[in-house]
Amino acid sequence: MLANEIYEILKKEFGDGILEFKEEAPSDPYISVEPSKIFDICHTLRDSSELMFDYLMCLSGLDLGESLGIVYHLYSFKHTHKIVIKTTVPKETPTLPSVMHLWRTADWHEREAFDLYGMIFSGHDNLIRILLPYDWEGYPMRKDYNEPEEYHGMRVPY
Amino acid sequence: MNETKKIQLEYSQMESDRMRLNVGPQHPSTHGVLRLEVEIDGEIVTEVIPHIGYLHRCFEKHCEKMTYPQVIPYVDRLDYISAMNNEWPYVMAVEKLLEIKVPEKVEYIRVIMAELNRIANHQIAVATFGLDAGAFTPFLYFFRDREYILWIMEKCSGARLLFNYFWIGGLAHDVYPSFKQEVLDAIKQVRKTNAEVMNLLIYNKIFIDRTANIGILPADVAINYACSGPTLRGSGVKWDLRKDDTYSIYNRFDFNIPVGKGEVGQLGDCWDRNIVRMYEMEESCKIIEQAVAQMPDTGDVKEAIPAKLRPPKGAEIYQRAENPKGELGFYVVSNGTEKPDRIKARGTSFVNLSVLPVISKGYMFADLILILGSIDIVLGEVDR
Amino acid sequence: MGETNFLIKLLGDNLITVLLISALPLGFLVVYALLAILGELKISAWMQERVGPMRTGWKGVLQPLAEVIKLIQKEDITPDAANKPLYNLAPYIVFTGAYAAFAVIPFSEFFVPSGINLGLFYIFAVGSIGAIGIVMGGWASNNKYTLLGAMRSVAQLISYEIPGAMAILSIAVLSSSLNMQEINKAQTGWFWNWFMFGGPGSYEKLWVIPFTLGLTLIYMIASLAETNRTPFDIPEGESELVAGYHTEYSGMKFAMFFFAEYANMFVVAAVLVTAFMGGWNSPFGSFLSGPLWGAFWFIGKSFFVIFVQIWLRWTLPRLRVDQLMYLGWKILLPVSFICFLFVSLFRMLN
Amino acid sequence: MINYIKSIWEGLWTVLVGMRITLLHLFVRNVTIQYPKERFPIPDGTNGTAMARNRLELDMDLCDGCKRCSRACPVNCIELDILQVAKGVEQPILKNGDKRNAWVPSYEIDFAKCCFCGLCTSVCPTDAIKHTTEFEYSSYKRSGTVSYYFDDKKDYDRGLKFSFINLTEAEIEEKKRVLAEFKAQQAAAKAAATVAKPEAQTEAKTE
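Chains A, B, C and D are the protein sequences, given in the same order. Per this note's numbering, residue 1 is the first one in the first sequence, and the count goes up by one each step. Per this note's numbering, residue 159 is the first one in the second sequence, and the count goes up by one each step. Per this note's numbering, residue 543 is the first one in the third sequence, and the count goes up by one each step. Per this note's numbering, residue 893 is the first one in the fourth sequence, and the count goes up by one each step.
Possibly wrong hints are sitting among the right ones.
Unchecked claim - Just some of the chain B residues that point at chain A, by a computed CB distance under 10 Å:
hint : residue
1    : I210
2    : Q424
3    : E485
4    : V540
Hints in this document: simulated from the structure, not taken from any laboratory. All residues carry an ideal CB built from backbone N, CA and C; glycine is no exception.
Take the sequences, apply the hints, and build the full model.
This is the structure in structure tokens:
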């Protein structure tokens, strides 16, 4: 199924929840959605018989300056089609629903996004840091992050 | 000896003391600096919590400060035993952003290199898996053969492990004249050793008893956890990016996708995941033979390398390729300058490792090590 | 007793002789251990197409000596949380258990340190002392890995003593003696007189040969398990337990564990040779037989058995704990019972 | 029961098969390379192979201080200072015959940082920086790991930092002085020109 058809289906179902569709080479076609609806949209994407996105390839965090972006790359084994779902959350209140219970692989991806960008995935069972030490402060992948001078007596900048 | 059923965790309501054991980060069998917090009841594993990040070296943060070609040495260091395969999806992603058409010869050399590196990676994977089971000798036979492959790669790229060979739009260096012959010789050696190891290790009764029927990963769980590569194919899912989401020139070659069949135990056990790797080596050999036969002799490998690397602003792409361990993807976002805005590496091992707590519960402690070995992780890629 | 020990004949039955007799195997053991370590290094290397140690001495023959010197020089670490008396005692107990067995090993027609009549029984009795040392060391180290290794070791030892003992018991039936020297004497003649091939006798013994061969195999397997060699090295289990019960030991104490392992290898090889392979008897009847040739044949055969142990180690993967138990209790034990039954039947018929 | 006997048989048989393989390998020639005596064939760029990417070597007679290597380095292990050539006062030429535009009074490569990616050699316009087949850094002295050019710098004890310069300190001072003089001269000339220009202009106006 082509990306614009997927967009049509989602638009029909969620209306205002779907913000934008963009298809422009060389970028992958993507659909922007409301962050609060992300769980429902992903649920539809996974379970609707004509979409069947059962494979979450990648979940990435982004720093867009004013806001934080989360990008879902989805793939369907059955229909062998792909789609990119994008959403943004404000930096001050970066809360959005977790998709961990739809695709278990999102568990670690969301933990990583939380770890590096500081999004709060509500509904995640175990949202703790994954790559950084558990007592690290700040979210280092944000563009405005200043690295600390010291961590437990060790000098950080090399 | 096929009584190795998964022990039901609810098997006993007895008052039993459970012991928490830290496996790693400096444990000989965690394949790197992985720490597993294991709760064991006697010998039976009741809970596994992986703690990762001991090898975290801020790959993604680094990339934001690098120009596009400078990222390649860092990409090499993700999955450092199959560096050629790592470079490929990254290079392809940037090439797609820049809309570069790669010369024919480069494509063939890339295929040969990637497949050779796949063989080298699977050799290490099977060898260390045997080592986890206690068999030391096959380990050294594989390492002996891997040397022939590494010599070829060293002659082409100048490095033995971290090649920096695939450049955006081309290759760092052309192949040398006797390249084809040496590749074919290396393949011959690989096949010989594989046949030997099949008898020495894979079909050994003790090895089968150790690895069959443990760590069973059903196909639906594997897909939900986004497992890929031999970990997924071991569960019987016939899915290979080289065929199913074909890239480069893989559609020109005739090869099979080996899947686990549950030959000696249940479908999706450790033995299946391992045998898939053994068969994949043979398939890679086939691909290499065809590629060597078809490869054009003439052509400049550097002709398409762009002088200026500035992908259009806002362009972004997710490019994935079949790493020996599974799907390795790079999500590259450009901001119009010569430095990427964001590079996310979807580490294969990172994703595959996340399934470990699910498939290792209820088996023996010694099995945990084998299950970990069978999903073949490299901590460089897990922690990035 | 005099006729089995040339030293008593030579020097008379006094304290110095006794001391000399008990020290002689130790001297042998040291030399043997160096050879066995070298053998292990070199054989494993050749099997893996390596060359092994090459720098110390000619082709690396002095490597074991260098390792011993290194181990003696190393710092002796006692963990802070360890139970110190037990921790320090454990390696010596393990070694004592291994060394005590040498008392009854018949090296030659005219030399056995102590020719007691319950030789085989004695070996099994003192062989279990080692397990106490292993548990002691594993528990006293106060480390979870060593504890797991020690637990496994005891479970393994208990399960494998029984099939091993069954195999030995059938030898007692065949030779109607537990004296090692008597057993050797019963196998005089060509190699088909060995108990491995049913012992002395004419054509009617042919049907018992599969059973005695089976018993040899069972004892071989059980002895591998008793000495914690691959494929039964789960108490060490380096891939999961790092080094098992001796994880925390270093320096000389570790060397004692190491030494004890090699001593044990020789003990089980010697028992196998004595019970099944004719001991110090020449395989070719009276050809090349005699007291000194006897020592040669005995040690030579033992070394062959040790070679097989090393060979197996570098070929096979390791078993898991439950599979080890399965093999011990459900395969070796019933099979050894069956073999024992038929061997006894054979004995009754003759 | 049949399965039981079959499994025992399989166990014994596969063990024997394995033992046969390892026994045969006992008599195969070993493949070990006794390292310091024998060595790996390291590709050295001849016969169409790539150059092995080991220690970097800089030919200072070719280096023009363009800093491309330093910019290309992903780990910033190359640090160099440059000193402009006082054009007109001195006319040094590089080994390949080109005019030298800059002196390089300090050029340091920190091999503790270097990742041997080869990017610096690929961007060098004059092939001044090159990989060598030299891969053994070990030395019994710390100073042995440092390559130095002059004897009076022997106590240059800074780990794996290699320094490549062909100018003595006195020469560097000399060059600096020459450059400073040259610059001062130029500035003076410029000032004179700017002073002269308005004068000329005013003269022109008045005319």
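Numbers of the earlier hints that this structure fails to satisfy, in rising order: 2
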